[in-house]
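Chemist: Protein sequences appear in the order of chains A and B. For the first sequence, position 38 matches number 38 in my numbering, and the numbering has no gaps at all. Every position in the second sequence, counted from 1, becomes a number in my numbering once 1000 is added.
Derived by calculation from the structure, the hints in this document are not laboratory data. Since we're looking at a predicted model, the values are computed, not measured. Be careful, since some hints might not be right.
[Unchecked claim] Partial pick of chain B residues on the chain A-facing surface, computed with a CB cut under 8 Å:
(1) L1014
(2) L1028
(3) S1089
(4) W1132
Beta carbons: idealized from backbone N, C-alpha and C, even for Gly.
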Amino acid sequence: MPTGTVQVRFFARYAELAGCETTAVAVPVPATVADVVRRVREAIPGAVALPERPLAAVNMRHVKLDAPVGDGDEVAFLPPVAGG
Amino acid sequence: MTYLTKDPISVGALLAEVAAPHCGGTCLFLGTVRDAPQDGGVTGIEYTAYEAMAVAEFDRLLAEVRRRWPDARLAVRHRLGLVPTEEASIAIATAAPHRAAAFEACRYVIEEVKKRLPIWKKELRADGTALWVDPEGRPAVVGPEGTP
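Take the sequences, apply the hints, and build the full model.
Modeler: Here it is, written out as structure tokens:
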């Protein structure tokens, strides 16, 4: 199965928990956001503190966890939003 | 439009952006940082954003407003960085031929911002602690000076 590289971004409290704002992970593609979440929780020690079902965005659009992710996509993990 | 700013929001500039001869009703909403004496006092809120996505989301939101209220005009700013108590963190100005559309469009924008904009806030308390605000639950204490 081919492998893709996904750019991952953490924000606000999740960046503090993960200990970084960006990382890259390799996942077998085709993948879903849920696959990326699992891979990140394995790969980054602080990321085990992230929820198993975080809000997420792919390429700057809100998505559900079953959304597809491909090579070169940017996946962002978003804490509950609090704008306004 | 520049949606995000680190400077205090100029309400006058926002109102000037939406003013037009065909508009007879203008609505202005300000969201301001409020103190919370029962929680030990809030001196300010530090706003951070996924800036590129926040801009993209504002673009999508404004396109929705144009579809729903084609005659309405809209200007919006969200502040980032430290916003002291009583100052505006968001300002939304809408103008339309009649007041109903101005009120409706303005209300729509603030409600969608609350649901969708990738922006987060850390409350700075009078005792030196800082807390990420989770609108869905309890704030998470992150310790003095905002350190985890």
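Chemist: Give a verdict on every hint.
Modeler: For each hint, the structure was consulted:
Restraint check, L1014 (chain B) versus chain A: the minimum CB separation of about 16 Å is more than 8 Å; hint violated. Contact between L1028 (chain B) and chain A, as hinted, is not supported at the beta carbon level, the nearest pair being about 15 Å apart and thus beyond 8 Å. Because the beta carbon of S1089 (chain B) sits about 7 Å from the nearest beta carbon in chain A, less than 8 Å, this interface hint is met. Against a cut-off of 8 Å between C-beta atoms, the interface hint on W1132 (chain B) holds, since the closest Cβ of chain A lies about 4 Å away.
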